[in-house]
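Visitor: Following the hints, complete the assembly by docking chain U onto the known chain H.
Chains H and U supply the protein sequences, listed in that same order.
The numbering of the first sequence is numbering that gives the first Met the number 0, which starts it at 0 and goes up by one.
The numbering of the second sequence is numbering that gives the first Met the number 0, which starts it at 0 and goes up by one.
Think of the hints as simulated: they come from the structure by calculation, not from any bench.
Quick reminder that beta carbons are idealized off the backbone N, C-alpha and C, glycines included.
Computed far set for chain U versus chain H, every beta-carbon distance over 10 Å:
| hint | residue |
| --- | --- |
| 1 | I124 |
| 2 | E330 |
| 3 | A406 |
| 4 | A467 |
Derived DSBU-like pairs: lysine-lysine, alpha-carbon spacing no greater than 30 Å straight-line:
| hint | chain 1 | residue 1 | chain 2 | residue 2 |
| --- | --- | --- | --- | --- |
| 5 | H | K86 | U | K151 |
| 6 | U | K151 | H | K76 |
| 7 | U | K383 | H | K76 |
| 8 | H | K20 | U | K383 |
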Amino acid sequence: MQPIPVVLGVIGFDCHSVGNKILDAFFTQAGFKVTNLGVMVSQEEFISAAIETDAKAILVSSLYGHGEIDCAGLREKCIEKGLDHIKLYVGGNLVVGKVPFDTVEKKFIAMGYDRVFPPDVDLDQATKLIREDVEAAG
Amino acid sequence: MPHANSGILTLDIGSTYTKGALVDAAAHRIIARFATPTTVDHLPRGVATVLHALFPDRIPAGNADLDGVRLDLPAHLSCSAKGGLKVTAVGLVPELTLSVARQVVCSAGGKISGAYAFELTPDDIETIRRDNPDIILLAGGTDGGNAVYARKNARRLAEASLPATVVFAGNRAVAPELPALFPDGRLIVTENVMPEFGQLNIEPARREIRNLFLRRLIEGKGLSRVVEVFGGEPKPTPRAVLELVERLAATSPEWEDTLLIDMGGATTDVYSNSPAVAAGDGVILRGIPEPAVKRTVEGDLGMRVSSRSVLASGGTLLERLRDTAGVAAGELERHTALLTEQPGRLPADSREELLDRLLATACVALSVGRHAGTIEESWTPGGKVFLQRGKDLRRIRTIIGSGGYLAATPDTTLYRDALEAAAAPSTDGRLALLPSSPRLLRDSEGLLPLLGNLASPYPALASHLARAGLTELAPRSNHQQTSEGA
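With the rest of the complex left out, here is chain H (with noise of 0.2 Å):
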């Protein structure tokens, strides 16, 4: 089976930088061909790292509570870009506060993030979903 690339990487201004070692080193292991940018990646950085490797999925970690401010917008600069049909995930924590998932998860999903995955996913559920989009995706 041909290796699925997807670009991974921390957004914003937020350098927690272990998650994003065990998230490559999950996901390379899982099949992925993973392009990780690591900490502090701008969305422009994400989408030419995906325009390049022909990516299928870009994979946003944020962990410092302004996943809300950072990541939006990154849906209408990929289409721009002419990145229509990639898919999009988030996860981690994204917002601050005790705010409930399903309210979190609406607000990514109206951003245009195929799916958003709370800090506690288990990454064999997430790697299967993944799979199983970008395969329906063509």
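Guide: Chain U alone, transformed into the frame defined by chain H:
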């Protein structure tokens, strides 16, 4: 010939001068040197003049075709006649594969005649046709990555049937389709310039460009005869200089972290050899990593032919320098108009000298500023971090000035003024990563391409000759050096 056993000949056919030197490799010294205007209609004639001057007993004067000339000593040749090699760079994302493609062209010694990202439009194709480059370097996509743009752009270029040779260095998945598109053979397929994201692979494409340079340049103008006599392949002159900067560093710590500025009438070239990223806590690198050995060419910065475009490119930096020098915008404009009309003009009085100094300072500031990266302080919830983009030149300890003006000027304050001007923070809070208080040398004897030819085969010799031949600018006086509690 007295030094037959240790004699080495080095010769550069420049766009203006054909220069040669006979070097005694055992004694580490230059025995004889000669320069004559390059005979662009027939290159061997100028070469013959130089050879006659170096070997008056053995090579008669007026042998314009070098008939029967045989050199029984190692001879090394570089050439930038015909203005060097014009290359158009095509990539995908501007700051990714296109940026790497530009680096390939510059390090090969080529001149960028155009740079295009994403999809080539019919207008782009027409512009390329008008620019008439010798080579089109086509990159785009990592291996296994995006193939759409490289494929489309290859088709467009093939359909346009341009005289240029296409060097393909993009996604290798596209490569097998290409020979059918270019049945006339104007295609060379080589390794991807960025096979993996963020991984630079400059050498294979660079080598192909250099080989093409040889093939295309040797055609016509009689260069093939010169190559026969020299018995080796010529290097593009800028490549020879880049090799000098690269190889000297290995010979002595004094040549580590060197920056070289070659400022001519039409372009300003900057060469550096220094690690691109200084290890440090909290430094996060943005964008693709830059090479330690780097060349940039600024086609809009020069002292004569390009002096008007310096005005257009100078922006607020030039305004500040102008104000400090007490020169009105109109006066500088009139001066550059005069220089464009008379590229051979030398300053007629002290006012013109001042205007030339102002232009030179601006060219140094702008070219080094563009060669250098930037750093920006950023506060995150996790503390302070530094975002670096591009190349860190803070470790640079030596600057070598070359080309007409910089080779001649003993003016140390020019560099100080230029670096200060380039260091002014930009409006977005980014600071340029520039050298501070480097040792200053100048190529007063015009040795650079000649030493560049020797740098790869004889690095120690080149190092000795550079030490003896480059002139150190007088250190600044203590009075000037004192800064107010920085």
